[in-house]
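Since chain A is already given, all that's left is putting chain B on it; use the hints.
Each chain, letter by letter, is given below.
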Amino acid sequence: MDSFINAVVSGMISGSLYAAMALGLTIIYGVSRVFNFGHGIVAVMGAYLVWTALNAAGSTAWFIFGALIALAAMYGFGLLVYRFTINPLLKKPNWEISTVLFMLGGGILLENLLLQAYGPRVKSYPEFLKGTLQFGPIQVSYQEITLFVVVILAIIGLNLFFKYTYTGQAMRSVAQSIPGAKVVGIHIDGIFGLTFGLAFLVTGFSGVLLSTKYFLTPHIGWEWMIKGFVIVAFGGLGSTNGAIFAALILGIVEAIATLYLGAIWVWPIWFAMFLVVLLIRPQGILGGRV
Amino acid sequence: MLNALKKLSWKSTIAILAGLFILLYPMLGASAYMKHLFILFFIWSIVAASWNLLMGYAGINSLGNVGFMAIGGYTSGILAKSLGLSPWISILIGGLVTAALVTVFLGLPALRLSGIYIALLTLIFADSLSSILTQTRAITGGAMGLHEIPGFIPNMEKIHAYYICFVFFLAMLYVIYRIVNSNNGLAFVALRDSEHLAQTLGVNRYKERLKVFAIAAFLTGLAGGFYVHSLGDISPATLGIEPFLLCIAMVELGGVGTFAGPVLGSAVIVFGSEFLRLAGTLRLSMLGLLICVTILFFPGGVMQLVEQVEGWLKERFRKQSASKYPAD
Chain A
112 MDSFINAVVS GMISGSLYAA MALGLTIIYG VSRVFNFGHG IVAVMGAYLV
162 WTALNAAGST AWFIFGALIA LAAMYGFGLL VYRFTINPLL KKPNWEISTV
212 LFMLGGGILL ENLLLQAYGP RVKSYPEFLK GTLQFGPIQV SYQEITLFVV
262 VILAIIGLNL FFKYTYTGQA MRSVAQSIPG AKVVGIHIDG IFGLTFGLAF
312 LVTGFSGVLL STKYFLTPHI GWEWMIKGFV IVAFGGLGST NGAIFAALIL
362 GIVEAIATLY LGAIWVWPIW FAMFLVVLLI RPQGILGGRV
Chain B
138 MLNALKKLSW KSTIAILAGL FILLYPMLGA SAYMKHLFIL FFIWSIVAAS
188 WNLLMGYAGI NSLGNVGFMA IGGYTSGILA KSLGLSPWIS ILIGGLVTAA
238 LVTVFLGLPA LRLSGIYIAL LTLIFADSLS SILTQTRAIT GGAMGLHEIP
288 GFIPNMEKIH AYYICFVFFL AMLYVIYRIV NSNNGLAFVA LRDSEHLAQT
338 LGVNRYKERL KVFAIAAFLT GLAGGFYVHS LGDISPATLG IEPFLLCIAM
388 VELGGVGTFA GPVLGSAVIV FGSEFLRLAG TLRLSMLGLL ICVTILFFPG
438 GVMQLVEQVE GWLKERFRKQ SASKYPAD
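Keeping their order, the protein sequence lines are chains A and B.
First residue of the first sequence: 112, per the working numbering; consecutive thereafter.
First residue of the second sequence: 138, per the working numbering; consecutive thereafter.
Okay, chain A solo, but in the shape it has when bound (with noise of 0.2 Å):
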């Protein structure tokens, strides 16, 4: 039973992680239905950024500094690729499977880039709190309690951009009706742009929580998309909460069958759920339409 508990326990906490991964899709596909195939990759070099500025660092206070500003290159990298890529695609009549092989291309690119720039030696963030934490039966490191309540904070904190902010409303209204949008004088392009961005630094962020739980090579970024596509679809497209519910049903799911049946059927169990929901419930569990 004790080893049950701390499963669930351990799951929420890798579930809340693929939370943070899942919302940069959720985000861009909910605002601009454009699937970002190229997820995994974006999430890997945020994190790799972050990691530079970790060893170029000296002393905490420039650590946090360069982490700020490599989330700030991953936010202009999502307006550049929005602009120059994104943007043109969508003009043309089949920009849905257009966009989808072109991110899967640019991701490629991305990727082997990543592995010229710092070789395939896997690397890993130091631990930066020692210590785990005794409740009862449950044992709990101090630094994935951090990680929890930080994506707790970022989720929340993206819940008050999108319900309070101007830019944040804007891409709500989006996000329902185009037409709409429009018709209120919301600048769309502009819009998708800000919402890639935006998206391009959340997804960076999670690359950077996720590789302090697991360890970072260029080429986990696949893994952690089909985690992450799966989390998406599974929550229904374009809807946060769903998202969140999900990548924390599926964590708890991951961590229960890696106690009693052994890691390698983790994935058969997802995908067997994931076909289930999508041939009961097409839309997800939380998602509004196909």
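Mixed in with the good hints there might be a few duds.
Coverage of chain B stretches by chain A, computed from C-beta distances (three or more under 8 Å per stretch; other residues unrestricted) [what the hints assert, rightly or not]:
id	region
1	248-259
2	266-279
3	377-385
4	420-429
5	432-446
Honestly, the hints are just simulated from the structure, not real lab data.
Built from N, CA and C at the ideal position, the CB exists for glycine as well.
The following block gives chain B in isolation, referenced to the frame of chain A:
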């Protein structure tokens, strides 16, 4: 006879000449390596052409076609190697198994979904396939894959495989040509271009989509069978990111939704990627860049260039003949 020759367009002339060249090439002293590349070209162009049937003609955004190929290849390889079935039967069974599995696991769910969900579902399907293949070592050989799969005939040499695959290639192209130009093909295209109009005109979306999934999977599964029996081995690496990207590049580069596009694209990719080996570790980056550039700047692929050149030539030709015989 002569009249028939005169009617041939320059495109068919080139195609026939290329076919003759391929037919005679081994006798003109092709190296074993070149024969190997041609075999790869025959098989991959069928995979690309049936992918194009699904993506280009029917507008179903499948990303799992390399997975279909692996199912066909593995089924046929296992049947021929472990059970000693004749490859000719096992390839057929492989194709049927692929069609059945794909229809049940992808076709039926995909009927209820649209657009991006199908891309997600098929990609995840192909991805889980490789982990299943790695786990079932007793049957599929695990991560090492299957080796020493028997050839089409006992003591098969490269040249036999070359001609067998060439015949397969021509036959499959003919089948795809007939499908595209049949009522079914028209129905696929109608569903792609205007789903609601097509349905109003009596096209059954449910039936046609299921059909196109089954056909594409069957053809790709057959190609997988020919792949394993001519090359002798297959491993989960076939499902890796590189073959997947190569195949996408073939379809995209050739021209989505055109009949000759995937064949041209796979010729460019199969022979071109050998040159890219010179780029060493940068090979995959170049492939990614190639896909990005094609989509951004030449969305119609090689076929678009061909059409443009043809249009330009016709224009010039017309001007010349106009100046030669001025109208009164």
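Going down the list of hints, with the structure as the test:
1. 248-259: Three-residue rule met by the region 248-259 of chain B, so holds; n is 9.
2. 266-279: Three-residue rule met by the region 266-279 of chain B, so holds; n is 3.
3. 377-385: With 3 residues in contact (Cβ-Cβ under 8 Å with chain A), the coverage given for the region 377-385 of chain B holds.
4. 420-429: holds (count 8)
5. 432-446: holds (count 3)
When held up to the earlier numbered hints, the structure conflicts with none and fits them all.
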